[in-house]
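Given next are the chains, with one letter for each unit.
2 protein chains.
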Amino acid sequence: MAQFPPGFQDALRDLMRWRRDVRRFRTEPVDEALLTHCLNTFMLSPSVGLSEPWRILRLTSAAARSAALANFKAANADAIAGYDGQQAQNYSRIKLSGMREAPVQLAVFCDESTTKGAGLGAATMAETRRYSVVCAITQFWLAARAEGLGVGWVSILDPERLKRDLDAPQEWRLVAYLCVGWPEEDSLTPELETVGWETRSMTLPIEER
Amino acid sequence: MAQFPPGFQDALRDLMRWRRDVRRFRTEPVDEALLTHCLNTFMLSPSVGLSEPWRILRLTSAAARSAALANFKAANADAIAGYDGQQAQNYSRIKLSGMREAPVQLAVFCDESTTKGAGLGAATMAETRRYSVVCAITQFWLAARAEGLGVGWVSILDPERLKRDLDAPQEWRLVAYLCVGWPEEDSLTPELETVGWETRSMTLPIEER
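These protein sequence lines are chains A and B, in that order.
The first sequence runs 1 to 209 under this note's numbering.
The second sequence runs 1 to 209 under this note's numbering.
No lab work stands behind these hints: they were computed from the structure.
It does not matter which identical chain is used: a pair holds within one copy or between any two.
Lysine-lysine pairs mimicking BS3-like chemistry, simulated, CA-CA at most 25 angstroms apart:
#1 K95 x K116
#2 K163 x K73
#3 K73 x K116
Turn these sequences into a full structure, and let the hints guide you.
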C-alpha cells in the first residue's frame, strides 16, 4: 500500500504552486545525471494502451538551436500581427520563451505510428496518444521543479517546420518544445498575470448532469 | 524560494509509481470536501495564455450515468471487433473501465471557444488548449493518488455522443472521462502488463540533433 511521509500532500500542493512556466534561465549547465533522473519520470507516466508514444529530440547543435529560434521568432512576429494597439504593445512586452538562454532544449513528439499497445484505448480517441505525451511532460515538469529546475513550454512555433529542420520522422507530431535550466528567480505568480495579460480564476467550472 | 521537506523528491517519485490507471473501485462514496480539495489542483495547473479552458461535468443522475455506460459498451464492442483470435480473447479479459462502480464520474472538456488568454500561445498550436486540460488532469490524478484515491481515464467512448447525452455546449471538446473512487487494491503494475497485453519500456527514446 502506498505510504507517504507526513506533510507530503501539502508539499505536493506547494510544488504545484511553485511549478510555473519559466522563461528566464541562468545559462549555467544542468548536471546530466540530474536531467536524466528527471526525464526518467516519463517512464512512470500513464499512456493509452501502454503505448508509450513519447519521442524526444534534444537540441544540442548550434544549427538545430538557431533553426528553432528562427522558427519561434517568425511565429511570434505573426502572432504579434494578430493583435492591435494596446494589446499588441502588451504582447510584445512579454517574454515568451527562454530559447536564447536555456541550456537544455527538448522537442517532444508523439509517434502516431507506434504499434505498441496495439491501439488499445485509442480507436475512439486517437488524440489520447498525444495526451499521454502531455501527461509525461507534466510529470517531468513537476519532478524537475522539485529539484529546483525550471521548465518552459514554447508553443509559438511552426511544428512542421521544426520537424523538417530537426529531420524528425514524418509520423511524429510535435507536442511541446521545452526549455529547461536553472531559473533566474522563483515566483508564485504566472508572468502573464504579472504583466496584466490575464488573471487566474479562483473557481473551477463544474456542473452536474 | 521553493523549499521541500527532506525526502520529498523520493516520495514524489513513489507517488508517480503508485499512480496507476484504476478500474476496480469500492463503491463507498468519496468525501465531498476531499474531492473538492483534489479538484482544486486544476487551478494550479499550467494553461496556454492562462486560458484555463477546463470545464467539468459531473455525472450524478442515473440517466447521465447509464447513457455514458451504454456509450462505453458500444465503443468497446466496436473495439473488440477490431482484434482477431487470441488478441480479441485477451482484449475481452481486460477490465477497461470502472464505470459501473466508481462513485464519482467526471467528463472533462476543453472549451475551444474561450476568449480567456486572448489566444496567446495557441495561434500556432491550437491543440495546446486541450493539452492544458491534460496537464490539469495529470495534476489532479497525482493529488488524488496522494490521498489514496484512484482515478481511471476512459477513452473508449464516442465523444460526440457523450456531448449530446450530457447536453454539453457544441464548442466543448471531450478530453477525458474520469472514474474516481477508493481502489479495491493498490498496485505498482499496470493492468495491461499484468494480463500480458503490453510491457513497459525501460529506456527513454531520446536522440540529439
